[in-house]
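*Asks:* From first to last, the protein sequence lines stand for chains A and B. Take any residue in the first sequence, note its place counting from 1, add 3, and you have its number in my numbering. Take any residue in the second sequence, note its place counting from 1, add 288, and you have its number in my numbering.
Source of the hints: derived by calculation from the structure; they are not laboratory data. Predicted, not measured: the structure shown is a model, and the values here were computed from it. Incorrect hints may have been included.
Restricting the straight-line Cα-Cα distance to at most 20 Å, the calculated cross-link-like pairs of lysine to aspartate or glutamate (EDC-like) are [stated by the list, open to error]:
(1) 595(B) x 473(B)
(2) 719(A) x 626(A)
(3) 110(A) x 614(B)
(4) 105(A) x 494(B)
(5) 561(B) x 36(A)
(6) 480(A) x 524(B)
(7) 415(A) x 594(B)
(8) 446(B) x 591(A)
(9) 588(A) x 417(B)
(10) 537(B) x 22(A)
(11) 537(B) x 34(A)
(12) 628(A) x 697(A)
(13) 595(B) x 417(A)
(14) 713(A) x 702(A)
(15) 446(B) x 543(A)
(16) 595(B) x 463(A)
(17) 480(A) x 510(B)
(18) 533(B) x 475(A)
(19) 446(B) x 523(A)
(20) 276(A) x 335(A)
(21) 314(A) x 326(A)
(22) 23(A) x 574(B)
(23) 537(B) x 36(A)
(24) 293(A) x 360(A)
(25) 457(B) x 585(A)
(26) 561(B) x 34(A)
(27) 446(B) x 521(A)
(28) 588(A) x 421(B)
(29) 537(B) x 26(A)
(30) 565(A) x 625(B)
(31) 415(A) x 587(B)
(32) 396(B) x 499(A)
(33) 502(A) x 400(B)
(34) 605(A) x 632(A)
(35) 415(A) x 428(A)
(36) 704(A) x 722(A)
(37) 353(A) x 433(B)
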Amino acid sequence: MKFSHEWLKDLVEINQTPEKLAEFLSLRAFETEVNRANQEFFGIIVAKVTKIEKHPNADRLRIIELTDGKNTIGPIVCGAWNFEVGAIVALALPGAVIPETKTVLSKVMIRGIESQGMICSAKELSLGTEAGGIMLLDSKHKIGQAFSVMDQDRGSKIIFDISIPANRPDLISYRGVAWEIAALTGSKYKIKPLKSQISNLKSKLLKIRISEPSLCKQYVGLRLANIQIRPSPKFIQDRLKLSGFRPINNVVDIANYVMLEVGQPLHAFDAAKIIGAINVRKAYVNETIKTLDGLDRKLNRDVLVIADNKKAIAIAGVIGGSESAVSIDTCEIILEAANFNSVSVRRTAKALGLRTDASTRFEKSLPINLAHQAAEYAAVLLTKYAGAKPLEYLSVGAKPTKKVVIEVDPIKVDALLGVKIPIVEQKKILSRFGFGIHPTRNKYHVTVPFWRPDVRVWQDLAEEIIRFKSLENIPVKQTSQINSSHLTDPRVDGREQVKDLLVGMGFNELYTYSFVSESDLNRWQINKRNVIEIANPLSEDQQYLRPNLALNVLKVAEQNTKEYDDIKSGKYFEIGNIFWREQNKIFEQTYLFMLSFPKTQKRIEEFVGDFKQLAVVLGIEYEIKQHKEQLAEIIVADKSVGHIGTISDVSGLEWIGVNLDFEEFIRNRKTPQYKRIVRFPSISMDSSILISEDISWIEIKKTIIAANQKLVSEIKLIEGSYQGKEVPPYKKSMTFRIIYQSEDRTLTNAEASQVHGQILETLKSKFSVRVRD
Amino acid sequence: MIESLKQLRDQALKDLSAVADLEKLDELVLKYFGRKQGLLNSILRSLKNLDERQRKILGQQANEVKIEIWHLIDQRRQSIKKAGKKDFVDLTIDGKNPRLGHLHPITKIRREIEKIFREMGFAVMLGPEIETDYYNFEALNMPAEHPARDMWDTFYIKSEERRAEDGEKLVLRTHISPMQVRVMEKLTPPFSVISSGRVFRHEATDARHEHTWDYTEGFVVDQHVSLSNLKTTLLDFFKQLFGSKTEIKLRSSYFPFTEPSIEIIMGCIFCQKTGCSICGQTGWLEMGGAGMIHPTVFEHAGYPREKYSGFAFGLGIGRVAMLKYDIPDVRLFYQNDHRFLSQF
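Hey, can you work out the whole structure from these sequences and the hints?
*Replies:* Here it is in structure tokens:
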């Protein structure tokens, strides 16, 4: 929110430069930036136009050359036409920070010409709203120097841009900020309570009814006659402009002015347009209202409105109706200062898609006391600047609520902050902020002022104390000495180890989004019934939560191969959470997806080997069960934990991948158990067999082991699936090596040969294998 | 027989070492492998006079010797050939593609962060990305319609998919802070925990905004944890992460689940606090939020009133990665461009 320095100075004594004050407030209260007209510009220089040519490829653009007094700078591509050769301009060079967007300027190609900078408009310099042409400078600006703005009226153009914390409704007002500054800097707060002019007024014609007391705690109405609509005085207009408001007329401007200063939104109705009593009620079904922004809005029972005897005249706390609005003909007004329920206003503003200055204030839950205070102040200003005569006053609704009292133990405050602050000082600091202090034995009680609804527990007060003392004064002593290392989730180290292993095998780690689109699901024929949908997706591309990692990983693979011609192969993996639903239950699980492409026999062998190595190093025993031609199940501890297989896309791309329930997989890690090393020599024998192509290796391997468990110590597949010219159709050639070893004696060659012969016989009879020579 | 094989082998080795040119080598080939007079062949021929068992054993050995000598001759030939030339190895070649893959930069930075905290004794824990409204907001002192909820633009799970057991509203977690209550429900203090992972913000993407972020949050709960402990821990952490000259400052801030709340700012590492485009000319970088855990959070965890205190802090892993690796655009992290990934 924008705060004018000059206006603030009217409310509180400021003894520091604006920059010092902003830094001070940023550390202790809220982020504050200073914007001033004579700010420094980074990377923007004053330059003179020396040459203008037409852009060869664009009619609306020109190519500009400039000088900084020494060197020629250009070409600059420019779309503005309001200058000729000789013009003095603000030129942003590459690396400059553009004040409007706070972005860094770089060289860009514009229609085939690389622009070496940008000639700035007033808007781009944040010095005005003019964006149609560039900002022309006068001869006071020296060519070649850093661009700056020399403003005689320096003091009045300083603006603080303050980020107000969500819990501080009191700070959405000049008075609130002024009070905070006074409390924190120790300077004087200049506002004194007004002598009441309106509370004595009676009401005759003015009638107010609150039909929804839970949604409107209080409604203050003020009828003022003799209104003279005209422009408001210059100081009001200036202050509104600096705060980001457009001046309209004295009545509307004063309502806004009071809202800005006090924090209470006000609304002025043209009294002549109101028929009968004011009623705060819920809108009827299908009731309509034309609002001040010119839209016809259809309402429903959730919307709170201000109505007269006939119809709705305003949407409570959000926006007024256009029919009852103040116009040039208005001579009598009813001024509303009400307290609407924050939740109700928030919902209505959201539903209407209309956040106004009023609604953002009501949403923060305003104190009841503000309504009367604001009406009082508005009456003064309207009398002074609109010739108004207050006639009637009516306040309907609740009395201000009971004050909150908090007991504070100063020792606890010290313990929480880690610094000792004497009780006397604690109390002194709190009273500066406006808290009432009541000493008790060793402790004290604090009464919270009405404008601080954020303070409810003693820790809140500890924060006030340290804000005043400054967080700089928190000593650096020692870190907490708690050791929880043993509580680390075992999945964490497993995950990190897997990542390292896979990277070592040449896989690149991906981080893809957790969202997928409907077309992604359709493309892979995934049933939407089991996929979780986002209620408010950012776009159609992100409507669902990923039901597996493959969808997005495959997209990355496709993109990388499409975009860069030299990438024809790749190995990728991602470990991340996937989501699905079964019946009404929602599931989330960490998965591992590994991918290798293109699908060649060599890559398949390498990929399967990679996976095997991974499992071996992790100490996970698994089994592969192949049921389909291109797909096999991975079984760990008798449970299916995922799949290995090939994937082909409609576009003809083919991959090999592993999709794994990572949590289940990693849970089955076993600590290696030492097996005695057999000292007797081993004998290895190689054989090649011709076998039907659909018999998988695992079956052959199992058969070999079963044939002689005692002497077969290891089986290695040397060539998995050779289908050359000499191999008959539908057959493949496999070459394997069996290593024979006995645990208790030296095996003879003859013995090994005999066993090997038997094994080959078994294979022959079981799979009708032909042994190749 | 075995003896003569052995002798033959020794002789061959001797002959070979004496050979210095290719002509002599060819003669040697003839001497051992000549079809008729070749010494090896004549030995092999003599095998047929033996009985089958012996023949098999000796045959194999003879074969081995034959192969060995053949290899040695071949090697010799290569070395003689080379001896005539300069043995130039071109070390300026591009090299074959290395077999190593690349860890994602987010993983690398997360590990750096976690390593520092693990050395301080923090446990690393994991939490779900789909979170209940309760853990994401309510337990963190943000009841329904609390205006502070607006600080986190939230993705909601479609309503018919509410969890059946309790019918509670589900969201994609907007921060890691739900882990505070989840961990407190399970553990009795003292403990110090760090948790990292994905968080989601309902926010359109551009160079500085992302709907998906990786975040780290840490928290410590004990009987007498103070703001001073927090400050010390953070200073220690940032010095380890960015170097011992790193400066941090605490700035007053607001989060519903901490009291007092602070923001951590760090002296800009690019301009040494003189002001540059990365720190927006301020000399300081915003690094994350922190504070003393709000009593309401302890209450939701079921802890006795006023018994414990604790601190919590959060920081964006991507933010640290961008600063460390000089990455200008957040979108690069989740685009997975090959040319990006292979830089880390």
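*Asks:* Against each hint, give a clear statement of whether it holds in the structure.
*Replies:* Hint-by-hint comparison with the structure:
1. In summary, the hint linking residue 595(B) to residue 473(B) is supported, as the alpha carbons are separated by about 15 Å, within the 20 Å threshold.
2. A threshold of 20 Å between alpha carbons decides the hint, and for residue 719(A) with residue 626(A) the separation of about 16 Å falls inside it, so the pair holds.
3. The hinted pair formed by residue 110(A) and residue 614(B) meets the criterion: a straight-line CA distance of about 19 Å does not exceed 20 Å.
4. With a C-alpha separation of about 14 Å, the suggested pairing of residue 105(A) with residue 494(B) holds against the 20 Å cut-off.
5. At roughly 17 Å between alpha-carbon atoms, residue 561(B) and residue 36(A) fall within 20 Å of each other, so this suggested pair holds.
6. Among the hinted pairs, residue 480(A) with residue 524(B) is consistent with the structure: their alpha-carbon atoms are about 11 Å apart, no more than 20 Å.
7. Distance check on the hinted pair: residue 415(A) and residue 594(B) sit about 10 Å apart at the alpha-carbon level, within 20 Å; holds.
8. Restraint check for residue 446(B) and residue 591(A): satisfied, since their Cα atoms lie roughly 16 Å apart, inside the 20 Å limit.
9. Between the alpha carbons of residue 588(A) and residue 417(B) the distance comes to roughly 15 Å, so the proposed pair stays at or under 20 Å and holds.
10. Between the alpha carbons of residue 537(B) and residue 22(A) the distance comes to roughly 18 Å, so the proposed pair stays at or under 20 Å and holds.
11. Note on residue 537(B) and residue 34(A): the hinted pairing holds, with a Cα-Cα distance of about 14 Å set against a maximum of 20 Å.
12. Distance restraint check for residue 628(A) and residue 697(A): the Cα-Cα separation of roughly 13 Å lies within the 20 Å cut-off, and the hinted pair is therefore satisfied.
13. Note on residue 595(B) and residue 417(A): the hinted pairing holds, with a Cα-Cα distance of about 15 Å set against a maximum of 20 Å.
14. Distance check on the hinted pair: residue 713(A) and residue 702(A) sit about 19 Å apart at the alpha-carbon level, within 20 Å; holds.
15. Between residue 446(B) and residue 543(A) the CA atoms are separated by roughly 14 Å; this keeps the pair inside 20 Å, and the hint holds.
16. For the hint pairing residue 595(B) with residue 463(A), the CA-to-CA distance comes to about 17 Å; that is within 20 Å, so the pair holds.
17. Taking the CA atoms of residue 480(A) and residue 510(B), the gap is about 17 Å. The hint holds against a cut of 20 Å.
18. Of the supplied pair hints, the one linking residue 533(B) and residue 475(A) holds, its CA atoms being roughly 18 Å apart against a limit of 20 Å.
19. As the CA atoms of residue 446(B) and residue 523(A) are separated by approximately 19 Å, the hinted pair is consistent with the 20 Å bound.
20. As the CA atoms of residue 276(A) and residue 335(A) are separated by approximately 10 Å, the hinted pair is consistent with the 20 Å bound.
21. In summary, the hint linking residue 314(A) to residue 326(A) is supported, as the alpha carbons are separated by about 11 Å, within the 20 Å threshold.
22. A C-alpha spacing of about 19 Å is found between residue 23(A) and residue 574(B), which places the hinted pair at or below 20 Å, so the restraint holds.
23. Our distance criterion of 20 Å between C-alpha atoms is met by residue 537(B) and residue 36(A), whose separation comes to about 17 Å.
24. For the suggested pair residue 293(A) and residue 360(A), the alpha carbons sit about 19 Å apart, so the restraint of at most 20 Å is met.
25. With a CA separation close to 17 Å, the supplied pair residue 457(B) and residue 585(A) stays within the 20 Å bound.
26. With a C-alpha separation of about 18 Å, the suggested pairing of residue 561(B) with residue 34(A) holds against the 20 Å cut-off.
27. For the given pair, residue 446(B) sits about 15 Å from residue 521(A) by alpha-carbon distance, which is consistent with the 20 Å threshold.
28. Only pairs whose Cα atoms come within 20 Å are accepted, and residue 588(A) paired with residue 421(B) is accepted, the gap being roughly 16 Å.
29. Restraint check: the Cα-Cα separation between residue 537(B) and residue 26(A) comes to about 12 Å, which is no more than 20 Å; the hinted pair holds.
30. Among the hinted pairs, residue 565(A) with residue 625(B) is consistent with the structure: their alpha-carbon atoms are about 11 Å apart, no more than 20 Å.
31. For the hint linking residue 415(A) to residue 587(B), the alpha-carbon distance of about 18 Å falls within 20 Å, and the restraint holds.
32. As the CA atoms of residue 396(B) and residue 499(A) are separated by approximately 10 Å, the hinted pair is consistent with the 20 Å bound.
33. For the given pair, residue 502(A) sits about 15 Å from residue 400(B) by alpha-carbon distance, which is consistent with the 20 Å threshold.
34. A distance of roughly 18 Å separates the Cα atoms of residue 605(A) and residue 632(A); the hinted pair therefore holds under the 20 Å criterion.
35. A hinted pair counts as satisfied when its Cα atoms are at most 20 Å apart, and residue 415(A) with residue 428(A) qualifies at roughly 15 Å.
36. For the given pair, residue 704(A) sits about 14 Å from residue 722(A) by alpha-carbon distance, which is consistent with the 20 Å threshold.
37. Using a Cα cut-off of 20 Å, the hinted pair residue 353(A) and residue 433(B) holds, with the two alpha carbons roughly 12 Å apart.
The earlier numbered hints are all upheld by this structure, with none contradicted.
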